[in-house]
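Asker: One letter stands for each residue in the lines below.
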Amino acid sequence: MFISFYRVLKFSFQDVYRNIWLSLVTVIILILALFTVNMLLIVKVIGDTAVDAIKEKIDINLFLNNDSEENEILALKAQIGGFSEVREVTYVSKSEALEKFKENHKDNPEILEALRELGKNPLTPTLVIKPNNLDEFDMLINRINSIDSDMIESRNFTNYKVLLDKINVITKKVTDAGLFLSSIFVFISILVVFNSIRISIYTHKREIAIMKLVGASNWFIQLPFLISGWFYTLIGVGFVMIVFYPFLTLLQPYLEAFFVGYNIDLVSYFYTNAFTIFGAEFMVAGFINMLASLLAVRKYSKV
Amino acid sequence: MIKFHNVIKLYPKGVKALNRINLHILPGEFVSIVGQSGTGKTTLVRTMIGEEKIDYGKIEIGGWDITSIRPSEIPVLRRQLGVIFQDFKLLPKKTLFENVAFAMQVCGGSPKKIKKIVPHVMKIVGLESKIHRYPQEVSGGEQQRAAIARALVHRPKILLADEPTGNLDSLNANEIIELLLRINKFGTTVILVTHNREIVNRLRRRVITIDNGMIISDQAVGKYVL
Ligand SMILES: Nc1ncnc2c1ncn2[C@@H]1O[C@H](COP(=O)(O)OP(=O)(O)OP(=O)(O)O)[C@@H](O)[C@H]1O
Ligand SMILES: [Mg+2]
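These protein sequence lines map, in sequence, to chains A and B.
Each number in the working numbering comes from the position in the first sequence (counting from 1) with 393 added on.
Each number in the working numbering comes from the position in the second sequence (counting from 1) with 180 added on.
Bound conformation, chain B alone:
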């Protein structure tokens, strides 16, 4: 599903954010990526969604070589990926429903399709009773769930979560992880970037540890090793 071959990413001033990353993630996997701050985890995510060009190597997503993807093809790629972040990136002046619908509107989704899919994904994330609230009227966990609902509207094959629990207390964080596991059970490949030792250890799934832009460990049933 995701393949990295010898990927190097340099930032200006000689920062080697990714240093010869080799990675192979299979369809349906649930992979945690851990590592200390500034080691290149977010950069890894950004290269996968075409936000950063790499300087060496090759990246394949679902068999598609996106190494030198053209700007006009990036939207096509992004519709196959769901992405969520630590800050939920919801629009404050739109209700949760409108926020999720927005993602479909801007991609040309018909009103009929929007009416069908938005309540469906809202139900998956357990927000069906709060769809008409504004982001500031719900908890952080619920905001993140709305963001996940939005990431699901295009039925992505891969869900990328960059520290989705970073702003949440452990109760809400656990709920989000439960949700991600449920989505993974439906067949979506989930990549979870996290700092949370407790979560990683409890998951008992594949863990990739990055340090200084390099993969220093990749365990099928991993523990937080740092």
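The shape of chain A in the complex, shown without the other chains:
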């Protein structure tokens, strides 16, 4: 049994090796397919990171009058905090706002100098409101707008929703294009794998005929070709793994430049999830290739 399995493996390697050019083409197509699939993943990661980053940043600032009473502010805070659309309200007092401002601009001496020259704290107390759910953002704005309080000096609502929608649209378009490209490549790989197995069966016609004649079992005859399918996958996924990290490292500076301030690290994402990502790709691609091989074997090496 063990010796048979060893021989099956050997036959499989011989099969890959003997049609080396065909095997190369097969592996290259597989690599292209896997690469597009991984690019798709990158786009998705970038899109998700961008959306998450923006969602995290979304808040509504209610700038209050400078001379508002502390307890009135807290009452307003409680009122807004009671809205179902609101996740959290934070009260930033004048002095806290100043601290934060200084902290934010600590690298900019000119601003700090200007602040010092002013002599007094120019900042107003603020209520920072974080929405519960982006879908309710418009409703929340309406509700806040309807609060009639002369404490409120200005209401600053950046319309993040439009921005998010834009990001979602772009991500969706890129994903769709990627999906289309990937399916083409996956389809081509299936055809190519099917065809190379068909051709290797053809090249081994004599051997197969003799094996059948002398009573080799069907699994012994067919298994090498199925293993070849897995072998192509192994090489393809392995190659993509090796090439992908340098590629990501090259890509990283551009991403960082583009997403200033956002935490986006594709390399570490692909590191921490390497097992899941490439493992899944290996299993799925290997399985698809095995099915393609099985189809070819069934069709072209009848008993």
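Think of the hints as simulated: they come from the structure by calculation, not from any bench.
Hints may be right or wrong, so weigh each one.
[To be verified] Ranges between beta-carbon positions, derived for each pair:
#1 335/B <-> 636/A: 53 to 63 Å
#2 684/A <-> 191/B: 32 to 42 Å
#3 580/A <-> 251/B: 47 to 57 Å
#4 251/B <-> 588/A: 38 to 48 Å
#5 191/B <-> 410/A: 32 to 42 Å
#6 577/A <-> 300/B: 12 to 22 Å
#7 635/A <-> 300/B: 48 to 58 Å
#8 410/A <-> 335/B: 29 to 39 Å
[Stated by the list, open to error] Derived lysine-lysine pairs resembling DSS-like cross-links, with alpha carbons at most 30 Å apart:
#9 296/B <-> 403/A
#10 293/B <-> 310/B
#11 692/A <-> 269/B
#12 273/B <-> 598/A
#13 365/B <-> 295/B
#14 598/A <-> 293/B
Built from N, CA and C at the ideal position, the CB exists for glycine as well.
Given chain A, work out where chain B with the ligands should sit, using these hints.
Answerer: Chain B with the ligands in isolation, oriented as in the chain A frame:
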């Protein structure tokens, strides 16, 4: 050993390759099957090794009804039969030794067993001095002997030879027939399909004549009657 009951084999387009074949071959017999081209001799062989399914009747090999044999059982059947053909079906890139060993390898034979049996069968066919040659480096007769050696590795009870001398000159052909007779003497049932009148007449063994898919004569000590 081999029994055919009313066997009918139809090919597409209504070709009746075998037409109610009834046949009983006993263990240890040496039977020649003769007949004109296209009368169904090869088809007869192919039905015996499970390569063709029959459309009617029943075939038994060594007491085993193979009429509706399952694909997974065919290898078991084939290991009990040795088959040789007019073209020797050797792999050109393997030496004679490797060709014979291949038959054992693909059936799960251990290296130890291969080392023991291959030289043994090579000796039976008289090729012990040429085992490391490639098929194209030996004569047609020697290639056929290598094919016979390969057919013997599983110690078959039956040896089927479909025109084994068709590609050989009479000298080599006679040697092959001598070899088949020797193998038959060891107890293996031999079925020889041939066109060669001279050989059949000299053998003085059982001869079955087929015409148009039917057995038209079956003589214990037969002559080539066509
Ligand atoms: N696969 C096939 N499909 C259709 N018809 C076939 C097939 N194989 C053989 N035949 C037909 O069946 C008949 C018997 O063929 P078979 O090969 O058994 O003859 P044979 O007696 O071996 O001939 P020969 O002496 O030339 O080898 C012939 O008419 C042949 O044309
Ligand atoms: Mg024939």
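Asker: State for each hint whether it applies.
Answerer: How the hints compare with the structure:
{"no.": "1", "hint": "335/B <-> 636/A: 53 to 63 Å", "verdict": "54 Å, holds"}
{"no.": "2", "hint": "684/A <-> 191/B: 32 to 42 Å", "verdict": "33 Å, holds"}
{"no.": "3", "hint": "580/A <-> 251/B: 47 to 57 Å", "verdict": "31 Å, violated"}
{"no.": "4", "hint": "251/B <-> 588/A: 38 to 48 Å", "verdict": "25 Å, violated"}
{"no.": "5", "hint": "191/B <-> 410/A: 32 to 42 Å", "verdict": "39 Å, holds"}
{"no.": "6", "hint": "577/A <-> 300/B: 12 to 22 Å", "verdict": "58 Å, violated"}
{"no.": "7", "hint": "635/A <-> 300/B: 48 to 58 Å", "verdict": "50 Å, holds"}
{"no.": "8", "hint": "410/A <-> 335/B: 29 to 39 Å", "verdict": "34 Å, holds"}
{"no.": "9", "hint": "296/B <-> 403/A", "verdict": "22 Å, holds"}
{"no.": "10", "hint": "293/B <-> 310/B", "verdict": "20 Å, holds"}
{"no.": "11", "hint": "692/A <-> 269/B", "verdict": "23 Å, holds"}
{"no.": "12", "hint": "273/B <-> 598/A", "verdict": "14 Å, holds"}
{"no.": "13", "hint": "365/B <-> 295/B", "verdict": "25 Å, holds"}
{"no.": "14", "hint": "598/A <-> 293/B", "verdict": "27 Å, holds"}
Hint compliance for this structure: hints 3, 4, 6 are not met, and every other hint is.
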